[in-house]
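Engineer: Each chain, letter by letter, is given below.
2 protein chains.
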Amino acid sequence: MNKQELIQQIQHKRSFLCVGLDTEITKVPQHLLQTNDPIFEFNKQIIDATAPYTVAYKPNIAFYECYGIQGWQSLEKTVRYITQNYPDIFVIADAKRGDIGNTSKMYAQAFFENLPFHSVTVAPYMGEDSVTPFLSYEGKWVILLALTSNKGAFDFQCIESNGIPLYKQVITQSQRWGTTENMMYVVGATKANMLKDIRSVAPNHFLLVPGVGAQGGSLQEVAQYGMNAECGLLVNSSRAIIFADASEQFAAVAGIKAQEMQIEMEELLRKYSSLI
Amino acid sequence: MNKQELIQQIQHKRSFLCVGLDTEITKVPQHLLQTNDPIFEFNKQIIDATAPYTVAYKPNIAFYECYGIQGWQSLEKTVRYITQNYPDIFVIADAKRGDIGNTSKMYAQAFFENLPFHSVTVAPYMGEDSVTPFLSYEGKWVILLALTSNKGAFDFQCIESNGIPLYKQVITQSQRWGTTENMMYVVGATKANMLKDIRSVAPNHFLLVPGVGAQGGSLQEVAQYGMNAECGLLVNSSRAIIFADASEQFAAVAGIKAQEMQIEMEELLRKYSSLI
Numbered sequence: 001m002n003k004q005e006l007i008q009q010i011q012h013k014r015s016f017l018c019v020g021l022d023t024e025i026t027k028v029p030q031h032l033l034q035t036n037d038p039i040f041e042f043n044k045q046i047i048d049a050t051a052p053y054t055v056a057y058k059p060n061i062a063f064y065e066c067y068g069i070q071g072w073q074s075l076e077k078t079v080r081y082i083t084q085n086y087p088d089i090f091v092i093a094d095a096k097r098g099d100i101g102n103t104s105k106m107y108a109q110a111f112f113e114n115l116p117f118h119s120v121t122v123a124p125y126m127g128e129d130s131v132t133p134f135l136s137y138e139g140k141w142v143i144l145l146a147l148t149s150n151k152g153a154f155d156f157q158c159i160e161s162n163g164i165p166l167y168k169q170v171i172t173q174s175q176r177w178g179t180t181e182n183m184m185y186v187v188g189a190t191k192a193n194m195l196k197d198i199r200s201v202a203p204n205h206f207l208l209v210p211g212v213g214a215q216g217g218s219l220q221e222v223a224q225y226g227m228n229a230e231c232g233l234l235v236n237s238s239r240a241i242i243f244a245d246a247s248e249q250f251a252a253v254a255g256i257k258a259q260e261m262q263i264e265m266e267e268l269l270r271k272y273s274s275l276i
Numbered sequence: 277m278n279k280q281e282l283i284q285q286i287q288h289k290r291s292f293l294c295v296g297l298d299t300e301i302t303k304v305p306q307h308l309l310q311t312n313d314p315i316f317e318f319n320k321q322i323i324d325a326t327a328p329y330t331v332a333y334k335p336n337i338a339f340y341e342c343y344g345i346q347g348w349q350s351l352e353k354t355v356r357y358i359t360q361n362y363p364d365i366f367v368i369a370d371a372k373r374g375d376i377g378n379t380s381k382m383y384a385q386a387f388f389e390n391l392p393f394h395s396v397t398v399a400p401y402m403g404e405d406s407v408t409p410f411l412s413y414e415g416k417w418v419i420l421l422a423l424t425s426n427k428g429a430f431d432f433q434c435i436e437s438n439g440i441p442l443y444k445q446v447i448t449q450s451q452r453w454g455t456t457e458n459m460m461y462v463v464g465a466t467k468a469n470m471l472k473d474i475r476s477v478a479p480n481h482f483l484l485v486p487g488v489g490a491q492g493g494s495l496q497e498v499a500q501y502g503m504n505a506e507c508g509l510l511v512n513s514s515r516a517i518i519f520a521d522a523s524e525q526f527a528a529v530a531g532i533k534a535q536e537m538q539i540e541m542e543e544l545l546r547k548y549s550s551l552i
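Residue numbers (my numbering), protein chains in the order written: chain H, 1 to 276; chain A, 277 to 552.
Please note that a few of the clues may not be correct.
[To be verified] Each computed BS3-like pair below joins lysine-lysine, with the alpha-carbon atoms no more than 25 Å apart: (1) K416(A) - K151(H); (2) K279(A) - K381(A); (3) K427(A) - K140(H).
Bear in mind the hints are in silico, worked out from the structure with no lab data behind them.
Isolated chain H (complex conformation) (with noise of 0.2 Å):
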């Protein structure tokens, strides 16, 4: 998916929304249990309802890695039915990847060949031969980590050299490695203040924003601090959709608070970006 089908998508929709599914077997609800596969149906019903305002789908998959083979048939089951049913929708393997160039050739492989993702999460640590192996893919996305909405954030990814914090450089340096085209990245919604700053050095990058509702990052100051023109923005939110109902009404309560999300993103879609 190119940049420009997906800022259509986002002016339909009148959404920047990224939906994350990090499906716990745990908090699905009772009566899909019994289901053959019950994060895959849990998925399923979420996508159904979410779809109209979401303009993006997030996996995480360690939570689908850590049931095994059986995960990856559940991750599987749900990159193909997103893509099948809802071809417009980017979808995003949040794998947090990254090894030497060999080995990170072969991730790519697993998200941009055996799956049928957009984009993939990757950790900028290895540098760039741990990065470019994804941006070989035509309409391939990587979207690299720079200022993560987690406490252990502050560890490493502020130290500063010659004033400049690390999150900071890993945003200057990459931009030799790929384009506004094929690359995107990562800043957390709890450091919103500090989007500023970030477009300062990337104006015309998407920036993919998690921490939105659970983590406590707030929605207006994402916008006011993080949206250009072309809006540039996909907020995540996970838990506070997918998990908002626990009974048999769990996905038309999530297809409630997707609304909610797109309704106020739409208000500062047209406050801040020139798309509507």
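Start from chain H and add chain A according to the hints.
Structural biologist: Relative to chain H, chain A alone:
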């Protein structure tokens, strides 16, 4: 597996060899391609041939993940084969995972509960809460990326703050999270001359050293600068052993290559450690 057990094995086998099971289907000998699971069949024969000279096996997860469910099956069979038949051998999931706390917990579950790995390589970029969930398992280890063996290692790992390179800050700061009993560091053999400096801040930790052999690092230099009285090294070789021969004799040749390294290692243990 605890530190003492690992050291005993090194002493007993007079080896600190780790064999990297980075099994590419395109390099598996022709005659195995007709079997049900060529990758597992290849690994099994490599393991049986090299086990007398080897103290650790390290499947790189990317090489399995790239085949999806089938790859995870081969991986699971491989690690169970090792732990059942060679229970003394240390098994490393070279996964380079790392995510926010509640997600790293799922990765830890994947490798330590669902699969019987003894250790996982972890990327430090996301800081403390991305690492600690792996440390809460008795007898399991984190192997934290410090200074890797690839070209891109210089992009961020050597960035200096107050004269201290990032990889060294990773090593010093992470010593507050784990101990010499549950944490090791990845230090590439291609940077052997930096091992002396690393030993000044981590004298007693085990170091996992990739990059010997195909990647060009020198075993002699690694031992000279990196070995401590208890050895403190696991040196990985992958392609140079497992793909040394592509005929029906591949396993026997791999065994010979592993033995050659063991003999070299025995000499180095005699010279630089107090184990033999």
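Engineer: Look at each hint and say if it fits the structure.
Structural biologist: Hint-by-hint comparison with the structure:
1. K416(A) - K151(H): This hinted pair holds, its Cα atoms lying about 24 Å apart.
2. K279(A) - K381(A): Judged against 25 Å, a Cα distance of about 23 Å means the pair holds.
3. K427(A) - K140(H): Holds: K427(A) and K140(H) sit about 24 Å apart, inside 25 Å.
The structure shown violates none of the earlier numbered hints.
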